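For chain G, the structure is supplied; the task is to place chains S, R, D, B and H on it using the hints.
6 protein chains.
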Amino acid sequence: MTQKFRLTALDLGPEDRLEPEIEEYFAKCEAKLGFVPNVFRAYAFDNGKLKAFMLMSDDLMLGDSGLSKAEREMIAVAVSAVNHCHYCLTSHGAALRHRAHDPELGELVAQNYRAANLDRRQKAMLDFATKLTESPDKIEEADRATLRRAGFSDRDIWDIAAVASFYNMSNRMAAATDMKPNPEYHHMAREATRGPVKGSRPGGSIRASTPAAAPASPARRGRRGE
Amino acid sequence: MTQKFRLTALDLGPEDRLEPEIEEYFAKCEAKLGFVPNVFRAYAFDNGKLKAFMLMSDDLMLGDSGLSKAEREMIAVAVSAVNHCHYCLTSHGAALRHRAHDPELGELVAQNYRAANLDRRQKAMLDFATKLTESPDKIEEADRATLRRAGFSDRDIWDIAAVASFYNMSNRMAAATDMKPNPEYHHMAREATRGPVKGSRPGGSIRASTPAAAPASPARRGRRGE
Amino acid sequence: MTQKFRLTALDLGPEDRLEPEIEEYFAKCEAKLGFVPNVFRAYAFDNGKLKAFMLMSDDLMLGDSGLSKAEREMIAVAVSAVNHCHYCLTSHGAALRHRAHDPELGELVAQNYRAANLDRRQKAMLDFATKLTESPDKIEEADRATLRRAGFSDRDIWDIAAVASFYNMSNRMAAATDMKPNPEYHHMAREATRGPVKGSRPGGSIRASTPAAAPASPARRGRRGE
Amino acid sequence: MTQKFRLTALDLGPEDRLEPEIEEYFAKCEAKLGFVPNVFRAYAFDNGKLKAFMLMSDDLMLGDSGLSKAEREMIAVAVSAVNHCHYCLTSHGAALRHRAHDPELGELVAQNYRAANLDRRQKAMLDFATKLTESPDKIEEADRATLRRAGFSDRDIWDIAAVASFYNMSNRMAAATDMKPNPEYHHMAREATRGPVKGSRPGGSIRASTPAAAPASPARRGRRGE
Amino acid sequence: MTQKFRLTALDLGPEDRLEPEIEEYFAKCEAKLGFVPNVFRAYAFDNGKLKAFMLMSDDLMLGDSGLSKAEREMIAVAVSAVNHCHYCLTSHGAALRHRAHDPELGELVAQNYRAANLDRRQKAMLDFATKLTESPDKIEEADRATLRRAGFSDRDIWDIAAVASFYNMSNRMAAATDMKPNPEYHHMAREATRGPVKGSRPGGSIRASTPAAAPASPARRGRRGE
Amino acid sequence: MTQKFRLTALDLGPEDRLEPEIEEYFAKCEAKLGFVPNVFRAYAFDNGKLKAFMLMSDDLMLGDSGLSKAEREMIAVAVSAVNHCHYCLTSHGAALRHRAHDPELGELVAQNYRAANLDRRQKAMLDFATKLTESPDKIEEADRATLRRAGFSDRDIWDIAAVASFYNMSNRMAAATDMKPNPEYHHMAREATRGPVKGSRPGGSIRASTPAAAPASPARRGRRGE
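Chains as they are written, first to last, in the numbering used here: chain G, 1 to 226; chain S, 1001 to 1226; chain R, 2001 to 2226; chain D, 3001 to 3226; chain B, 4001 to 4226; chain H, 5001 to 5226.
Okay, chain G solo, but in the shape it has when bound (with noise of 0.2 Å):
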């Protein structure tokens, strides 16, 4: 109950007793991040909840895509951004710097993507992320013709509408609640590891990283058949 409140402002009772699933995806989490993410804490009041989050969470960001899962990132982190969520640019900020292994160039999407000198691709995809969440009833044909024209698929569209979407629902959760991401997020991934050359920054395309970032949600492996 205590630590509950320090996930939430809200008091939501005690946890579910976790289903053995999410159990075992929450010891993954500790395994490979050395902590559960607040978020699925903060839904572990009820297991169907944490479930139906996980499932689209980990599909949207970690499934199939034609977008880099470090592109993804830069969609979550510069909705966050103009929605001002603490907890996803804590979080999301931490995966985007570990995703582009460019710790500066994450920082600067949190700040303001159009300092960032993207390419052609990447700042049509975030312009769009960005119009979608500030007012999503003037998106029109020509919104999408734009995205077109850089080179994305009505697959790739799906996805980066998707994404944004996503997040523009999950930062009003955190919003909402109060939510407090896990303090060891501030530290991640703040030197630069591997990846673009110093020198190219600021500036360049974000690729996708080759590992995975996190286990994939039981509900995820079950549709999978992992």
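Rather than coming from a laboratory, the hints here were simulated on the basis of the structure. Quick caveat, the model's predicted, so the values are computed rather than measured.
Selected chain G positions facing chain H (in silico; Cβ < 7 Å):
id, residue
1, HIS84
2, HIS86
3, LEU89
4, GLU104
5, GLN111
6, ASN112
7, ALA115
8, HIS186
9, ARG190
One-sided and incomplete, this derived list gives chain R residues near chain S with beta-carbon spacing under 8 Å:
id, residue
10, HIS2086
11, PRO2103
12, LEU2108
13, ALA2115
By construction, the Cβ of each residue, glycine as well, lies at the ideal position given by its N, Cα and C atoms.
Chains S, R, D, B and H only, in chain G's frame:
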């Protein structure tokens, strides 16, 4: 393919072969509503994405909650009104007319809930959902305190936040893809059936309806052990 | 007095004794529509104010114009959607459903005209009306030029501006006074009558209807020598 | 024609042959002000439109009201400041300087009424007019209650709303057509004439002036039996 | 102290004993303008703050630049119009009327520069200043490119940015402290003196005036070796 | 020249030959920070502009004040967050992490200070700075009164306003010129050094640090007789 084009502005390739439990769910939709909601068909190019969406949607709108199902539809519609979402105003406008047994009050929330003379509880609920939609970065403890004073528990606040946040996602998916609602919604529940006495309108609170509006999704049934 | 309270949130004292030509006009409304629109009753505490309002309203919506009557209703509804005006979305939503002989398309403009796949002319018309509503200070010659390229004459541009401006006034009167629409509007023109073939929707342009929707106001008749 | 072009950016064709009572009204303007306000000339391509506009304008600004004429000009100017309307800030700025007998206070409202240290009544009046201009959809009973507490009757509230709403229309007509004000306004009423003692500024309330600023329009005279 | 209260809403304690070069500067203001601008008196509670403000202000508005002094006043006024700043619209409105030798055009920029039919160069300059004021985070290379195409050098772009940015600071200082302008400004430069032929208005560009409007600040003289 | 291009998007020509006192100041920056902040190098094309900027910046951030240096950095960062300013979030983010001896709390203000559970004083301070940034025209006496009730003197209010206003200027200069921060900032003060006990976070107030973060500017030293 041709049909896909009519669902959204995106050509997402052939539909996945639907998994048996989704086929079954779609069949129940046909039986109950006379059609499969287009949002499900739009997601049907990928079983995994569709299942995650259905699981979350069903949990929020049909699962246990201190909010009545009509109240959850009120939130969906009020959020969609801010975002001027054609798809959701059409489909959840119909759902709200049905749930509230009061087509005029349903319409009213789609236009501007402030004109509805709602009771204090529902007014506070929609004020919170609207602020969360328009300026999530400005939600503060005072906003949660207002909900508590209006009679909501912390668990209810989670649900208000979760429904409002979910439609901030869905509205954007519909806008980004130009998703078209099933034309059948237009005519649904235009006539008052039962519920509040006619003369009491406008104003008055909306109560939960007894009968479920839709079959539970396969994922949902799965986790409930049905 | 009691009845007054139901029209608006203001107690404006007893109605003026209506002038004979207004009495006659109201009688025609009753005969034709089955009721006197509440906006007229709300203004009826002062014959002078009522007459000025009726005169301007009738001139704009029923007078000669290069815009069809349905197009003028489209502008009224699109402006009212930006301003989330319950009264005007209800009354002019009904009028647009009637004028366009296409209830679904009518509904669509009330939600978000950008989802309607309108032809270039009507799209440009509503883009202008919306910009004029949202940021009148930013209208520039380029905006008028866009209308001209879409086929509008300068006289048409005046009419687009005048209708959009008028509903920016009316929406605010309704909001300021919490004006309630006649409940009859809710059910009007919900079924397609004639007009564009069903299958052609969504999209397609809206044509002017032949029959007038309302009797001309006394003032209007006066200056036309009727 | 050439002259028309100077009034607005639109070429509206030859002026209607003005009806006798309008000719007479224009003659009185010339006699009293030295010119016919350009807004009237802009509408003069159609007698009907001109008469409707004059009738409404005169009723609101010169008719009986619990608001002084200076107060009504304050509302006109405060609304026009929000909308950055060149035409109305010029013409009604001059009118307010004249009505308030205090050119500096007049200027101040055109810039930002919040800097004027108005008394509670006038501050509440302009707060309401500004909110109605900026976000009409958010007006609630609490806003009307604030006006009542500041001493306004329900009839006064109607008038505040009606004047603010009317200038939301007029500002947009001027913006849409690029209407140019008569240059004479620039120099009018730049010097204090009589009224509040100089030293009392800034702050202090604005009183109604005794003399009428303009002749009543023909339509208005008509309905008053003059 | 009493006098302090009239300058701003803050009681900042007794004035610093002014340093001799500031005393001298103030004396020149008195001689030239007939008064010391209140913004300088407001800052005079601290010699250091005053000197920094004067130094920056004088450099921007009176120093060498590819922008004429009138153009810099246009930027000051256009920015202050967006921010509805009473102090700066009054003082720089007067300065612009003076610099441009065209009181009506001066007034116009204070209302809405878009109504001024400026030449392409000055239009682009104010468009940039306005966007920088309203949404600095959205400035992109394309905005600078537009200025270059309109004939501005990179050094000019710095100056446009610097003046616009400075008034975004000054407007906020005036708003935060409720700073009152000297009443003398109201009457300054209301009559055209010399410059563009009367008939050429509206439109046309504003040229730099030859005579300096104010003595250089002590700090400025210092660094120029005067 | 090439190097210039990297500081900003503008080619401002060769640097001025720096005046001796500026050379000395730059040398101290190198000694103390390891680099000269890029904003100073960006202004260094003109000694006069650079000196004015340094003088004002140093006075505000390092001069005597009732606000601690950490509090002034909080304002700088909170304002820069609203404006999404890459340069200032990077440089003042680092300064705040340093001043507050709490890197996580520093980060938090850069994301959204409302998530920081600040004490009433600092919350009121940032609420004012944010409102002044977003809508300076709406600041009223009530806003100053709130600061006074939170314990601020009128002189403190001046300082809050001055720092917030200054960063509204600096943010816009950085945006207009695409100013790039020194990469060293990224790694500065990422580890907590001393200060509030770790466990007390989040929340708690930020205290002033004792050691000065930067050498005083030449201008500043000049006026202080150092």
